[in-house]
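Whole structure, please, built from the sequences with the hints as guidance.
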Amino acid sequence: MPTAPAAEAAEPSIARFGLGTAAVGRPGYITLGRDLDLPAERTVDALRERTHALLDAAFAAGVRYFDTARSYGRAEEFLGGWLAARPQAAREVTVGSKWGYTYTADWRASGVPVHEVKEHSTAVFERQIEETRATLGGLPDVYLVHSVTPDSPALTDPALHAGLAALAAEGVRVGLSTSGPAQAAAVRAALEVTVDGRPLFAAVQSTWNLLEPSAGPALAEAHQAGWLVVVKEAMANGRLADRNATGPDTAALRTLAARTGASCDALALAAVAAQPWADVVLSGAATTGQLASNLEAVGLTVDTAGPAGLAALAEPAEEYWRTRSALPWA
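Going by this note's numbering, the sequence shown opens with residue 1, and the numbers climb by one from there.
Any given hint might turn out to be false.
Derived Cβ-Cβ restraints for the label pairs, each shown as a range [stated by the list, open to error]:
1) Thr-255 / Pro-158: 51 to 59 Å
2) Arg-243 / Ile-14: 39 to 47 Å
3) Ala-220 / Gly-306: 13 to 21 Å
4) Pro-276 / Glu-130: 33 to 41 Å
5) Ser-13 / Gly-163: 32 to 40 Å
6) Asp-35 / Ala-225: 39 to 47 Å
7) Gly-138 / Ala-61: 22 to 30 Å
In case anyone wonders, no lab produced these hints; they're calculated from the structure. Using N, Cα and C, we set each Cβ at its ideal position, and we do this for glycine too.
Right under this line is the structure:
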């Protein structure tokens, strides 16, 4: 399967966008307004059908990067089934997945003390890579340690590094995803990790959006080092969607949307794609209508530092992540 192209153009092409499956692989997630997007009966079959419809629509639109994770409920299984039924598509797309969280919600949307348990150990890696291989019908193109923070053993454990290096030797692009206010520190620490004198990691997936741009300089360094840079949560878990971008904190985005006729979500995604270090920008759409709106970002040019004032939307990283951690699972 091909790898994603480097980001150079000012106006993003469809090749710069991917589809994430976090919002549709399980009945509960933290996207604002999710109750409006999914069927009341969120059965396995209903969400499998929804996931396959999104994958079909994305592929038809030209999207070729699909993202999933072990902890996204049955998202890997849904994607694996889609790939198995569409062998030609499977040859064209790049599949990224993540390990390090175990899904524990037992297919419940709410009322669950813990939806996923994080552990970056060699034992979990060895178990989950085999689970991923089985559910996807083969190895992913990109395999990331899920939600690495600066204190993660994924940055310091030699035994785990050896296992990841062995996976890389099989042709998988090994990397990490990041979360929390110290994303930049995690990325920079990962850039220094070597095995037998060679860099271990070659990909990163981080949160960057108009409200939380703090990881940008570190992601530029990763891009310069030749890493694949994938951006998640470009919509800030729905906070930048039209229906939610109603407060004074997003006034500049609404003003630009009114002036251009573009939706807030398309502008938010285009703002990410405008970053020269962003190789792939993920849509987290839960409906095909949302996906179509998101992909209107293709061809939009958004200067986040220009007269639109979008840079002023940025919040202190600690404040952003406190708000995110308070979002309800629904």
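Hints the structure fails to honour: 2
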